[in-house]
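Asker: Go ahead and model the full structure; you've got the sequences and the hints to work with.
These protein sequences, in sequence, are chains E and R. For the first sequence, our numbering assigns the number 1 to the initial residue and increments by one for each residue that follows. For the second sequence, our numbering assigns the number 1 to the initial residue and increments by one for each residue that follows.
Possibly wrong hints are sitting among the right ones.
[What the hints assert, rightly or not] Take a look, some chain E residues computed to stay more than 10 Å from chain R by CB distance:
#1 14
#2 44
#3 54
#4 58
#5 91
#6 98
#7 180
#8 204
#9 210
#10 213
[Unchecked claim] Taking lysine-lysine and the DSS-like style, the derived pairs with C-alpha atoms no more than 25 Å apart in a straight line are:
#11 R:190 x E:223
#12 R:204 x E:70
#13 R:245 x E:223
#14 R:190 x E:190
#15 E:204 x R:55
#16 R:158 x E:223
#17 R:16 x R:145
#18 R:223 x E:158
#19 R:204 x E:55
#20 E:245 x R:223
#21 E:145 x R:204
Derived from the structure by calculation, the hints contain no laboratory data. Since this is a predicted model, take the numbers as computed values, not measurements. By construction, the Cβ of each residue, glycine as well, lies at the ideal position given by its N, Cα and C atoms.
2 protein chains.
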Amino acid sequence: MISKNQISFVHSLADKKFRLKYNCFVAEGNKIAVEILNSNWAIEQVFATNDFVEKNIFKFDKNKITIVSKSEIERLSQLSTPTDAIVVAKIPPKNIPDFNLQNWSLALDNIQDPGNLGSIIRTADWFGISQVFLSLECADVFNPKTIQATMGSFLRVKTISIDLEELLNQNKFAQICAAVMNGQNIFTTKIEKSGLMILGNEGKGVSKNLLEKINLPITILGKGNAESLNVGVAAGIICSIISAK
Amino acid sequence: MISKNQISFVHSLADKKFRLKYNCFVAEGNKIAVEILNSNWAIEQVFATNDFVEKNIFKFDKNKITIVSKSEIERLSQLSTPTDAIVVAKIPPKNIPDFNLQNWSLALDNIQDPGNLGSIIRTADWFGISQVFLSLECADVFNPKTIQATMGSFLRVKTISIDLEELLNQNKFAQICAAVMNGQNIFTTKIEKSGLMILGNEGKGVSKNLLEKINLPITILGKGNAESLNVGVAAGIICSIISAK
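Answerer: Okay, structure coming up:
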């Protein structure tokens, strides 16, 4: 039996203020739950059906699991189609790690939609891009919609919140590109074996102060009439090209 | 001043049952509103702020515009950030047109998420792919979330609801491809100048009965650890390749 307090605790984590207060976030869905429970991430609490617990073997302390019914999961869930497990995990400490400069990294400048952010992290993981820098204004990685859209890739792709202008000032990268409307054709221009690829805000694109510091503006040439591509789709096309270098 | 009846009419169009009953759909947002009001699509009703009407010139009968306040738009809107105009337009008649066989077309098999569907239509428009076949189980093009995600591209890309198995049986296409997990590497395999590219359901992929009728299974090779790509992202990468043929 879950308590009202437990329900309001889980619901509160949809809000960044409470994620920061409790230093916790919610990961929902069977696949994501299995992945995080078998990772080395710190787990706070798990709500899962008996069926889910019996079917899966976990690395972590099973005493943290509360067995709940399907209808209790529905009360806890923030998905329109609730699944069998909701994990409350600890937000990992923000150590700024040594940067990996051997491969391409992404830098996301003020991406606002949590679904776009999650989808980009999932795409980076697919193409073996292990490092994504996030400007300080980006949507939150630990927003439940972001976590959901990553399909578990948040466990593998390193996300680093950082002032992008300062990062560019450090001048560490072999090539610094940004996706813009009138740049070089990415399908034909020379792309280095490693570097930093900046993708901008859904409406406004890459900030002017960052564009002043790049080596190569790139564009995904189309031949139709749409005004722009969704940033998650653009990221997919760009990652398919840079990851092949 | 808008009436309760007007509000409940607009809200009802989020539901396919009422879209079919009234033969109408909702297009929200300034950019989409301007595009549809300047197109030759039949307009039923427009709710817009005075500011929006003064700033824009439209091709159609202005008597159909109800001037509303920002707070009235909020009551009508289904977006989290309402804009200045909500258009109720007629769903066009479903004439099955002559197919364009000179270029690549997409076929979407049971795509469930309206956002994914809209994003794929927007991507097709960007790459000049003018024809998208939808299986009869696909999400609805006229769902407000789909319309929103197309960013207006639903006005330019022809969508045709059709039994995909029957379409394949007609054997019209130079090459019939499907995106699968273990196919030929799309970056290196021979792609014809025209054909049909089938993209499958978010969870289950392309249906077995369709896979039996294709010429070429293709895969977007990754080198990371994600289990799959979002179908909208996959569509973007695939369209960037087939549209270059």
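Asker: Run every hint past the structure and note whether it holds.
Answerer: Checked hints:
no. : hint          : result
1   : 14            : 14 Å, holds
2   : 44            : 25 Å, holds
3   : 54            : 23 Å, holds
4   : 58            : 19 Å, holds
5   : 91            : 22 Å, holds
6   : 98            : 20 Å, holds
7   : 180           : 15 Å, holds
8   : 204           : 14 Å, holds
9   : 210           : 23 Å, holds
10  : 213           : 27 Å, holds
11  : R:190 x E:223 : 21 Å, holds
12  : R:204 x E:70  : 23 Å, holds
13  : R:245 x E:223 : 12 Å, holds
14  : R:190 x E:190 : 23 Å, holds
15  : E:204 x R:55  : 21 Å, holds
16  : R:158 x E:223 : 16 Å, holds
17  : R:16 x R:145  : 12 Å, holds
18  : R:223 x E:158 : 16 Å, holds
19  : R:204 x E:55  : 21 Å, holds
20  : E:245 x R:223 : 12 Å, holds
21  : E:145 x R:204 : 21 Å, holds
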